[in-house]
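K.L.:
These are the residues of each chain, in order.
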Amino acid sequence: MANNKIKPSVGERIFDTVNVIFMIIMIIITLYPMLYVVFASFSNPGKFMMHYGPLWHPLDFTLVSYEAVFKNPNIWNGYRNTLFVVVVGTTINMLLTIIGGYILSRKNWLFKRPLSLGIVFTMYFSGGLIPFYFTVRALKLDNTLWALIIPTAINTYNMIIMRTAFAAVPDSLEESAKLDGASHFTILFKIMVPLVVPTIAVLILYYAVGHWNSWFNAMIFLTRSRSKYPLQLILREILIQGSLTEMTLGAGMDDKEMISETIKYAVIVVSTVPILCLYPFLQKYFIKGIMIGAIKG
Amino acid sequence: MYKLSNEISMNLGDTSKKLSLPDKVKKDVMRNKELYLLAIPIILYYLLFHYWPMYGAIIAFKNFSPARGILKSPWVGFEHFENFFSGVYFGRTLRNTLTISITQLIVGFPAPIILALLINELKNKAFARTVQTITYMPHFISLVVICGMIKQFTSDTGFITQLLSYVGFRKQTMLNNPRLFVPIYVISDIWQHVGWGSIIYLAALTGIDQELYDAAKIDGAGRWKQTLYVTIPGLLPTITILFILRTGNILSVGAEKIILLYNPSIYDTSDVISSYVYRQGLLHSDWSYSAAVGLFNSVVNFSLVVFTNWLSRKTTDTSLW
Numbered sequence: 001m002a003n004n005k006i007k008p009s010v011g012e013r014i015f016d017t018v019n020v021i022f023m024i025i026m027i028i029i030t031l032y033p034m035l036y037v038v039f040a041s042f043s044n045p046g047k048f049m050m051h052y053g054p055l056w057h058p059l060d061f062t063l064v065s066y067e068a069v070f071k072n073p074n075i076w077n078g079y080r081n082t083l084f085v086v087v088v089g090t091t092i093n094m095l096l097t098i099i100g101g102y103i104l105s106r107k108n109w110l111f112k113r114p115l116s117l118g119i120v121f122t123m124y125f126s127g128g129l130i131p132f133y134f135t136v137r138a139l140k141l142d143n144t145l146w147a148l149i150i151p152t153a154i155n156t157y158n159m160i161i162m163r164t165a166f167a168a169v170p171d172s173l174e175e176s177a178k179l180d181g182a183s184h185f186t187i188l189f190k191i192m193v194p195l196v197v198p199t200i201a202v203l204i205l206y207y208a209v210g211h212w213n214s215w216f217n218a219m220i221f222l223t224r225s226r227s228k229y230p231l232q233l234i235l236r237e238i239l240i241q242g243s244l245t246e247m248t249l250g251a252g253m254d255d256k257e258m259i260s261e262t263i264k265y266a267v268i269v270v271s272t273v274p275i276l277c278l279y280p281f282l283q284k285y286f287i288k289g290i291m292i293g294a295i296k297g
Numbered sequence: 001m002y003k004l005s006n007e008i009s010m011n012l013g014d015t016s017k018k019l020s021l022p023d024k025v026k027k028d029v030m031r032n033k034e035l036y037l038l039a040i041p042i043i044l045y046y047l048l049f050h051y052w053p054m055y056g057a058i059i060a061f062k063n064f065s066p067a068r069g070i071l072k073s074p075w076v077g078f079e080h081f082e083n084f085f086s087g088v089y090f091g092r093t094l095r096n097t098l099t100i101s102i103t104q105l106i107v108g109f110p111a112p113i114i115l116a117l118l119i120n121e122l123k124n125k126a127f128a129r130t131v132q133t134i135t136y137m138p139h140f141i142s143l144v145v146i147c148g149m150i151k152q153f154t155s156d157t158g159f160i161t162q163l164l165s166y167v168g169f170r171k172q173t174m175l176n177n178p179r180l181f182v183p184i185y186v187i188s189d190i191w192q193h194v195g196w197g198s199i200i201y202l203a204a205l206t207g208i209d210q211e212l213y214d215a216a217k218i219d220g221a222g223r224w225k226q227t228l229y230v231t232i233p234g235l236l237p238t239i240t241i242l243f244i245l246r247t248g249n250i251l252s253v254g255a256e257k258i259i260l261l262y263n264p265s266i267y268d269t270s271d272v273i274s275s276y277v278y279r280q281g282l283l284h285s286d287w288s289y290s291a292a293v294g295l296f297n298s299v300v301n302f303s304l305v306v307f308t309n310w311l312s313r314k315t316t317d318t319s320l321w
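Each protein sequence line maps, in turn, to chains A and B. The numbers in UniProt numbering rise by one with no breaks, and the one at position 296 of the first sequence is 296. The numbers in UniProt numbering rise by one with no breaks, and the one at position 305 of the second sequence is 305.
Any given hint could turn out to be false.
Stated by the list, open to error - Derived DMTMM-like pairs: lysine to aspartate or glutamate, alpha-carbon spacing no greater than 20 Å straight-line:
no. : chain 1 : residue 1 : chain 2 : residue 2
1   : A       : K112      : B       : D28
2   : A       : K107      : B       : D219
3   : A       : K178      : B       : D317
4   : B       : K33       : A       : E174
5   : B       : K123      : A       : E12
6   : A       : K107      : B       : D28
7   : B       : K217      : A       : D16
8   : B       : K125      : A       : E174
Note that these hints are calculated values from the structure, not bench results.
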């Protein structure tokens with residue numbers, strides 16, 4: 001029965017063709033803005049200034065914009081701060097998320113329910129930005145990189161994903177380990193963690209990308225320490241506030257204005273390529289993460 | 001018989017209650033020492049960074065100054081709330097927040113569903129995977145970069161402005177035009193997240209029982225009918241959950257993208273509650289007032305989530321909790 005392939009009707013064939021065309025348009029719409037950025041970043045600043053409309057290749061290929069970007073100490077400094085936050089922040093995130101996910105997945109202890117309620121409640125209600133700001137200041141975390149790490153040490157949604165993964169491990173494993181006299185620490189780190197490595201990989205990626213891209217907390221907490229700015233805040237200065245003074249220093253008046261446009265595109269490339277390079281390798285994990293999250297815990 | 005078992009269960013209930021609560025807790029702590037130890041950092045984190053700010057929100061009812069601290073600042077009751085509700089900003093920020101949310105709900109919510117359905121219909125699976133890989137990509141680009149790109153592309157010399165001028169639009173710095181803010185905000189959001197948003201629906205699609213399709217085919221259903229009677233009903237629980245979340249969040253448009261895109265000349269259509277709280281509180285140091293606005297927002301958001309969840313449980317049996 002199933003082998004009796006029915007010949008597709010005219011309508012179906014039209015639909016299939018239109019669908020493929022639509023998808024090709026989707027691909028172009030998605031990719032073109034990114035390609036434009038790449039083309040512009042390699043373009044001659046003067047030629048680019050005179051050019052209007054879409055770009056199909058770099059105009060008079062040159063690396064001057066990249067030279068200006070790499071000579072800029074703020075970019076390097078920003079990179080260093082961001083790397084610190086990504087590495088240290090993600091480590092702390094994972095440690096707490098694993099512990100939290102584990103204790104929330106244990107069934108036979110009294111505190112589980114009140115704790116879960118108390119935690120889930122914070123997903124739907126918060127004190128607001130201003131009290132949060134003063135809390136961080138009261139803890140003397142402002143104007144240090146810890147302000148970007150400690151206040152966001154746990155993402156509740158991620159912790160629930162972790163809990164779901166732990167809860168899926170058969171109870172018998174824990175019970176037999178307990179009979180052998182294993183403590184909760186041993187059970188967690190020797191038995192449970194190796195079993196949920198895929199979930200851990202996903203969450204590491206979520207947290208790391210989150211740290212890499214975050215800028216708001218840096219903006220509100222690092223008001224008096226510019227040297228601690230992460231990359232995204234430097235980017236904001238360049239892209240949104242349009243301040244390029246230090247980068248174009250040394251260039252003549254006219255050149256300054258010209259090169260400032262292509263520099264913006266080079267900065268975008270320099271800051272985004274690391275993430276997008278990892279992307280194809282990590283893709284399957286991200287998707288897995290969404291699927292785990294989709295299962296109601 | 002019925003009575004007897006009832007009595008027994010009542011007695012059982014009594015015996016377990018004989019242990020007083022403190023004793024029960026003590027016993028449990030002894031038995032699960034390590035779990036309680038492990039819980040300490042978690043509890044500490046939530047107390048410090050979630051519950052302490054909730055307590056701190058009482059500055060909304062005070063005239064807070066950092067020098068005096070939360071406790072010693074004088075109470076003013078609902079003064080800040082009254083100022084907000086009677087001022088011009090209440091109407092404006094509420095209107096803008098709702099406009100952005102509702103536009104996103106109407107245009108942005110169905111977009112990933114449609115994309116998932118169309119990807120699902122692609123015959124060439126390798127091509128389908130390529131489409132997925134490419135459309136997920138913008139999701140990982142940072143917001144600062146996305147907004148920087150938007151700013152560049154929609155400036156008076158930007159390539160999008162240029163393309164639009166070919167079809168009759170005026171050349172202008174689009175982000176200085178108050179009427180264009182919401183379209184730019186919503187369209188760029190769809191561009192960035194439509195692929196990523198479709199994953200969850202594609203996952204749900206793989207969960208639909210293949211036999212349902214076979215049965216529909218035997219009944220003579222074509223692909224359109226199969227979509228209508230098998231695929232869409234199969235997606236409905238997922239759609240419902242996500243819809244509840246979205247409607248519950250209708251008054252929480254985040255400040256980040258707004259702050260990156262707006263400028264004073266378009267505050268009239270772009271300033272939302274959260275960006276107003278940020279500006280008033282952290283830029284103009286009007287702490288108690290902006291805490292009041294933020295608290296109002298939090299309370300309304302929370303009520304909306306509870307309400308939509310209740311409504312959905314009543315009507316569709318699907319709920320978050």
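K.L.:
All hints, please: hold or fail.
P.N.:
Verification of the hints:
| no. | hint | in the structure |
| --- | --- | --- |
| 1 | A/K112 - B/D28 | 11 Å, holds |
| 2 | A/K107 - B/D219 | 47 Å, violated |
| 3 | A/K178 - B/D317 | 39 Å, violated |
| 4 | B/K33 - A/E174 | 16 Å, holds |
| 5 | B/K123 - A/E12 | 12 Å, holds |
| 6 | A/K107 - B/D28 | 12 Å, holds |
| 7 | B/K217 - A/D16 | 18 Å, holds |
| 8 | B/K125 - A/E174 | 41 Å, violated |
The structure does not agree with the numbered hints 2, 3, 8 stated previously, though it agrees with the rest.
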